[in-house]
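In the numbering used here, the protein residues as written are 91 to 1016.
Please keep in mind that the hints were generated in silico from the structure rather than gathered at the bench.
Some hints here could point you the wrong way.
[Stated by the list, open to error] Simulated crosslink set (DSS-like; lysine-lysine; CA at most 27 Å straight-line): (1) K884 / K897; (2) K472 / K899; (3) K511 / K190; (4) K190 / K809; (5) K681 / K190; (6) K735 / K681.
[Stated by the list, open to error] What follows is a list of derived Cβ distance ranges for each label pair: (7) G601 / D940: 31 to 39 Å; (8) Q172 / G547: 57 to 65 Å; (9) D940 / S393: 41 to 49 Å; (10) G294 / G547: 46 to 54 Å; (11) F249 / P811: 43 to 51 Å; (12) Y745 / L829: 22 to 30 Å.
C-beta atoms are modelled at their ideal positions from N, C-alpha and C, and glycine is treated no differently.
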Amino acid sequence: MISKKFKWILLSTMGLMMYFGMYTPTILAEEPVALNKGGHQWLMQQSQHFIVHFRSDWVQFAAHSLDIAEKVHQDLASQFSQMPTDKTHLILEDDEDSNKGSAMPIPSPNIILSLHPPSNILNSEGNDKWLDTLIRHEYTHIVHLELNDRAVTRARDIFGRQLLFFPHFLTPHFLVEGLAVYMEKQGYYDSFFAMQMRMEVVSGQLADLSQVVNQVVVDNSLLPTGMAYLYGAYFIDYLTKTYGEEALQHFLTDYSGYLIPGFFLNRSARHAFGKDFFALWEEFRADLITQFSDQIAQSKEHSSGAQSLDSQPFAYLLANGESDQLLAWRNNYVDGGHLAMWDSEKNQWHYLSTINGLTSLDTHPQQGIVVSQKNQNQEEQKFNDLYRYVDGQWQSLTEQQRFTQVRWSLDGQSVFATRHKQGLPELWNVTLDGQQTRLWQGSFGWIIGDMALSPTGEIYASIKQPFSAWNIMRFEQKEQSWLAVTETSATEHQLSFIKEGELLFSADYNGHYQIYRMDLTSLQVEQLTNEVGGAFSPQWIASQGLIYQAYEHDGYHLRHIHAVTALNDVSLSSYATVNEASSAPISTTEKSEITEDSPLPTLTGQDWASAWQSDDNQSLVIFGISGSDNLERHQYGIQAAWDTKNTLGSYQLHYAYEDLWQAILSREHEFNLNPLTNKEDRIVRQDNLTLKSDYSLHGIDDHLTFGVGTYWQKESLIKSPQGTSSAQASDEWLAGTALQWDDKLGHYADLVWEQNVGGNYSGQKWQAQWMAHWNLPGSFSLSTHLAAGYADSKAKPFKLGGYEGDKIKLYGRHQLALSGYSYGAQVGQAYTTQSITLSHLIYRVNRNWDVWPIGFGAISGSVFINSGSSWNDNQRYQALTGVGAEVQIETIGFYFYQLPVIIGYNHGLDSQLGKDQVYIKLSAQF
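Using the sequences and the hints, build the whole thing.
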């Protein structure tokens, strides 16, 4: 029977959860993606050097991938001294609305390939055969990372495919990505890639070696995006031009023979190039200045008279707003993104809404704002959907429909949207009441980019056809086909209208992206900007003239030209398209029969982890291994720990099947407060078993999950000063259900009901908790946690205290953390806890120690206050409060393995039960 007092507390807590968490109109997206295979039949097929894994409806795509892969293998075999001996697994996935791939040589070589074509033009210009490019890039990684020689070869023969026997895996990230981009592009760097490096030169702040040698440091550098790819590709290109391909291969072979990688980079460089990396890098930076000096000088000769609207750099999505206003989604990569309207009369931004993950937006005078946003669902797929902003609230127009671009129709009763599904482009019409009509579907090789509607309602878009560049086309609705407006070898994109018949767009006719104006009747084109970097996203506002974003080395700056004058006329015939249809077709390779996919051959360990943790009670040394099959249907983890202070061992075994079923078997030790000694010297051994199954309900933006589970725990008192080996044992066996809400972006809530079905306890238990994390301006973040629970009088009571609790558990939670207090400081049938933590990035070191495999990332700190109480029905609520602080120092080993060092201090404010706690943690994952 739940007491009235506790009912009020539990309902109040749940109300706060709903208000602040479950109904927060925040629809965001973040990494990482996982392959989810539920409900699909998976097949496999082999060729001479590859095994492809694919869904049953992707048979032709899989065969085409094998043909391309064998051609890439043949090409790379002529450029590398050594090729992989094991077959490489190609895993086809369509779980994200972006083009990406990944490669991993351990435990077996495998590559994940996205079926989504590169519809973001600025990441794919010049990339006509996008699948070939993707496979070439990722397979270069496999060939590169597999290289082995001398002692490394002998060690692999004896000990197998262990991490330390892949020297190039433990090498600076810019060399790995740089080599792949170099092989992919073969010395041709498109306009956007060249623009980024050109502006690095213009800035006078070319990166030094310590800034690019460490992957974590690179990831912490906001710009240029893809820094490792950019500097790496140009550096590899410089080495081959200056010292030759043979010297590069000499370096790769020499380095692949060292058993302790990272410490011999300079030695291998001197063997191959006659100089160490520091000398080579200084030569490289001088070459960049020479290489871009003429381009920079020419670009500065003519000015378009543009003026800045923003004092700080942002990345923008732009659209025309009402009453001569500009609508923008602004993202500075630190504080997240938000919608704002530019007030041209007051010359200031008017904030509308915080929102992240947008890929497109548009506005209508009567119907308001519509956006396309990338979301991550419970299956960890990242799909775009359409949302409408009305009266300060977001309304969903689609669910998991993958529309990445959106434009209002003239009457505002529907929107036009585009997507790519299983590699094919589509144009749809979606009405406000949810009716969807497909207007067009293209064939493989076609890609559709951004759109614009003319004042009379005609649809124009940037489209890439096979063997051609990105050109402007008009949709003929009656014929349901596209008619070419331009046919050039340039990239033409980001379209908007000044008025009927006058089109603005960005193009790279002269190798630099600039804004152009086209008369659609005469096809006369005029250049309107002359940015040294590049000009993008044009919009026309009557009171401001031309508004666009210009790329600088620190990001995008919003600029406008009030009195627009043409700088140059452009003859489209000078940029006639080059048809590559005569290119040699990819030959069909010999393949095996298609068979049902088997996960067992690839079910091996992939990630190794180690940690050390010490506090007043214990000193733990922890080791673990985790892995999965190539399709991530079967996942497992094994962790073992040894307490050197108490000579006790613990472990955890974890298995999950497709994120649906999970089993966890563990042994751990709890240190309880001994009232006789006032110390935590009563050690209780806990053996636990959890079985649970979760089902996505596809509710509230696909963030709801319903689960069932059972939890068993056996407790034994194994150490106490008053009874050295007392066998006070208790068993708890629970079965229950849970409702979880998780937006995968730091907002989480759950409600759990459990019933005792065996053991020494009986009755029910109810628990709820809410956790949230917000990024704040100025490199601050705020985290909060609320929790409440109630147990029947004969159920196992809750224990409050300690700086580590059971909040990450779903079933069997009974230990509630309260920093500054001992485990079990309060014990009772009911509890509430609450905490708030403020974190701040103190300093970014962002430097590597020369080229040694040691570096430092960020130093951050946090302060917190937490409070809570646990009591029985016949007791009064007595809150305990604690405060504390942590400092985290981010050390980095082997260029990209994060080794955080955490030092913390907690203080309990209660004069009788409070205590001081000091702890230190060191962990590493490989």
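Taking the hints in turn, this is what the structure says about them:
no.	hint	result
1	K884 / K897	holds, 22 Å
2	K472 / K899	holds, 26 Å
3	K511 / K190	holds, 15 Å
4	K190 / K809	violated, 54 Å
5	K681 / K190	holds, 26 Å
6	K735 / K681	violated, 59 Å
7	G601 / D940: 31 to 39 Å	holds, 37 Å
8	Q172 / G547: 57 to 65 Å	holds, 59 Å
9	D940 / S393: 41 to 49 Å	holds, 43 Å
10	G294 / G547: 46 to 54 Å	holds, 49 Å
11	F249 / P811: 43 to 51 Å	holds, 46 Å
12	Y745 / L829: 22 to 30 Å	holds, 24 Å
In summary, the structure is inconsistent with hints 4 and 6 from the numbered list given earlier, while agreeing with the others.
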